[in-house]
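First to last, the sequence lines map onto chains A and B. Count the first sequence with my numbering and you get residues 21 to 226, in order. Count the second sequence with my numbering and you get residues 130 to 681, in order.
There's no promise every hint is true.
[Said to hold, decoys possible] Residues from chain B shown here face chain A by an in silico Cβ test under 7 Å; the list is partial: (1) Ile307; (2) Arg319; (3) Ile353; (4) Gly365; (5) Gly367; (6) Gly374.
Because the hints were derived from the structure by calculation, they are not lab data. Ideal placement from N, C-alpha and C gives every residue a C-beta, glycine not left out.
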Amino acid sequence: MISQDNTAVHAHRDDIGSRMGMWLFLFTELLLFGGLFFLYSVYRFLHQADFHVAAKELDIIIGTFNTAILLTSSLTMAMSITAMSRDNKKLSISLQVVTILLGISFLINKYFEWMTHINHGIYPGSNDYLSMDSGRRLFFALYYVMTGLHALHVIVGTVLIGIMTRFTVKNVITHDSYVKLEAAGLYWHLVDIIWIFLFPLFYLIT
Amino acid sequence: MNDDAAIAANGHVSFLDYQGKYKGIRAWILSTDHKRIGIMYLFALITFFAIGVTFGFLIRLELLTPGKTIVEPQVYNEFFTLHGVIMIFLFVIPGIPAVFGNFFLPIMIGAKDVAFPRLNLLSWYLYVTGGILIIVSIIMPGGPADTGWTFYIPYSVRTTTNVIATGTAAFLLGFSSILTGLNFITTIHRLRAPGMAWFKMPLFAWSLYATAWIQVLATPIIGITLLLIIVERVFGVGLFDPALGGDPILYQHLFWIYSHPAVYIMIVPAMGVISEIIPVFARRTIFGYKFIAFSSLGIALFGSLVWGHHMFAVGMSDAGQFVFSFLTFMVAIPSAIKVFNWTATLYKGSISLDPPMLYALAFIFLFSIGGFTGLIQGALSVDIHLTDTSFIVGHFHYVMFGGTGMGVFAALHYWLPKMFGRMYNMKRAKVAFWIIFVGFNTLYFPMFVMGWLGMPRRYYDYLPEYTVYHQIATVGSWILIIGMGIMFTNLIRGILKGNVVTEKNIWGGETLEWATDTPPIHENFEEIPLVTGTPYEYKQNDIEELPEEVIH
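Starting from the given sequences, assemble the full structure and let the hints guide the process.
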């Protein structure tokens with residue numbers, strides 16, 4: 021990090037500025053999810069018993085497994101940045117690839133988890149969905165919308181890291197100019213931390 | 130060709146003649162120069178404004194007589210929805226930051242460009258895409274949304290019109306707004322010229338800074354809310370739909386958590402423009418610089434806490450109503466601070482009533498009426514009587530059009546000569562101003578009266594006793610449109626054929642844009658300036674008088 025150019029004197033290179041922009045963008049992402057967390061807290065308050073029961077229908081093992089996957093992927097992402105700062109391009113690339121693979125395996129798990137519910141007839145518009153108690157329905161509505169939006173962010177994140185890997189291969193990202201990789205890393209950590217909140221709210225609080 | 134080489138090859142030419150990598154139209158639509166992007170925003174904005182005005186005109190025409198005048202009720206609903214959506218998301222919100230903020234913020238703080246030039250161009254593309262999507266929704270099967278710009282649930286889930294297209298457009302426009310906001314915050318933090326301390330920044334930069342924070346912190350909420358409407362319509366998840374156990378009032382909360390702060394996204398930059406124009410044309414140092422700067426931040430803060438006053442009649446606890454009403458009165462304080470400081474600046478000033486100043490004074494006058502009528506509605510008991518009447522329509526048009534609209538017009542007359550190096554006709558500009566001023570008040574003042582008497586807003590039909598007010602208002606809309614027609618014709622003629630201006634400082638302003646060439650060169654300054662003084666020291670004024678033949 022010390023080797024990076026931190027002054028704004030050179031107009032086309034301002035790493036602190038780039039990081040600041042990324043952090044601001046992450047704030048907006050947090051607020052985007054914030055609206056949903058707001059809905060969750062209100063509906064949970066209004067339908068405590070229903071939420072309590074509905075949460076037991078989620079598979080806590082898959083949830084825990086996915087949490088471990090995302091936490092590990094955050095670690096490999098951070099390590100790839102450190103590797104880059106130490107001029108170890110090969111290691112950085114392989115760590116980025118591992119991060120992408122972990123992201124994809126998270127999505128695969130998520131797919132099977134959603135499919136289980138859908139096979140049980142719990143999805144918006146189904147007869148079961150329309151006839152269940154409104155508390156339980158709101159739980160699953162929030163579950164689908166929040167984990168769905170999160171999964172969308174996982175997809176965007178893996179694509180983003182994929183682009184970074186390409187940049188690294190092509191030497192656009194180098195050991196003294198890797199703020200792009202850092203920004204992608206920050207985004208990936210955001211995806212991780214949102215899941216850290218989603219996991220207890222949907223799986224653990226029963 | 131890298132930038133340095135390009136500048137060397139171009140020598141001392143304005144950004145309008147600058148030859149970069151691309152030629153022709155691509156030199157504009159692929160340009161990352163903040164000045165070119167600002168001008169592209171200007172033309173897109175004026176186009177959408179013209180469309181919005183057209184729908185406003187049609188609304189007023191329909192209301193000329195009770196019952197049907199020109200269209201069926203359904204079409205009327207689509208008219209006021211399109212008018213609201215276009216004016217709010219495509220004109221008033223992006224208006225001043227995207228056009229004049231883009232063009233002048235970097236120059237005013239002594240920078241070569243914004244912090245993220247390519248992101249800036251992306252914002253423009255998102256803006257234009259959103260705008261086109263709204264226009265396309267008019268001809269898509271099903272017709273344009275008829276929900277009003279607020280998309281209230283449950284109607285927005287039930288209606289068969291193209292709510293998804295309009296909602297997606299508003300989402301894209303919000304994204305564009307966020308990117309502009311984060312770009313400006315980073316620019317102001319990182320790219321101020323040497324010596325440009327925070328309290329040496331022009332007040333316009335301060336107002337953009339406060340606005341940018343609201344854009345970044347509030348817009349995501351409308352983003353998720355609009356996404357949820359789309360999800361609700363496509364999948365029927367039931368988060369807001371009362372038929373499925375959802376709560377439509379929660380929708381209103383989420384909507385106004387953004388949309389009230391958005392009101393300040395609309396007005397604060399206009400206040401910044403007025404803070405620039407008043408001292409220049411009164412030839413006085415601005416009164417209470419720090420108070421004006423901090424009141425922008427105060428508005429940003431308090432403005433985020435008052436959304437509940439849009440929902441007094443919806444159903445809320447007494448305690449909640451009381452708190453929101455109290456905070457609504459509080460938010461008037463920072464606005465009043467600005468108005469008092471502007472008038473204090475005018476006091477004993479040597480005032481010249483050039484067109485920018487006329488619009489600035491109109492801003493103060495009309496915004497004061499709009500602000501005070503806002504307080505009337507902030508009072509709980511009175512609001513029950515006034516909720517959803519045309520009083521509120523009068524109020525927000527006095528604030529948004531009388532405020533922000535006049536701010537845009539003031540900024541156009543103040544800065545266009547700098548941007549294009551050509552002067553409009555001063556005399557015609559003044560004539561247009563008076564027609565606009567008369568038309569504006571004729572159009573919107575009767576709305577207060579009939580609203581007080583009970584005329585509901587958004588109604589297609591009305592009782593005969595309201596006819597006279599509606600007819601005065603409709604005639605007012607014609608006068609206003611004639612005035613704006615003269616104004617825009619004059620400005621466009623000025624840009625194309627007006628007398629060439631090469632003087633750097635035509636109005637005698639002390640901010641940095643008046644120290645650059647007219648029009649500014651590519652990357653703004655040959656050498657990044659070293660800032661020593663504050664931007665409003667009029668005692669050492671060195672105005673370059675325009676030759677008589679340029680003005681007329």
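Structure-based check of all given hints:
Below 7 Å, beta-carbon pairs count as interface contacts, and Ile307 (chain B) has one with chain A at about 5 Å; its hint therefore holds. Proximity of Arg319 (chain B) to chain A holds as hinted, the smallest CB-CB distance being about 4 Å (cut-off 7 Å). The closest approach between the C-beta of Ile353 (chain B) and any C-beta of chain A is roughly 4 Å, which is under the 7 Å cut-off, so the hint is satisfied. Using the Cβ-Cβ criterion of 7 Å, the hint placing Gly365 (chain B) at the interface with chain A is satisfied: the shortest such distance is roughly 5 Å.
Taking 7 Å as the C-beta cut-off, the interface hint given for Gly367 (chain B) holds, the closest approach to chain A being about 5 Å. With a cut of 7 Å, the hint placing Gly374 (chain B) at the interface with chain A holds, because the nearest CB-to-CB distance is about 2 Å.
The structure shown violates none of the earlier numbered hints.
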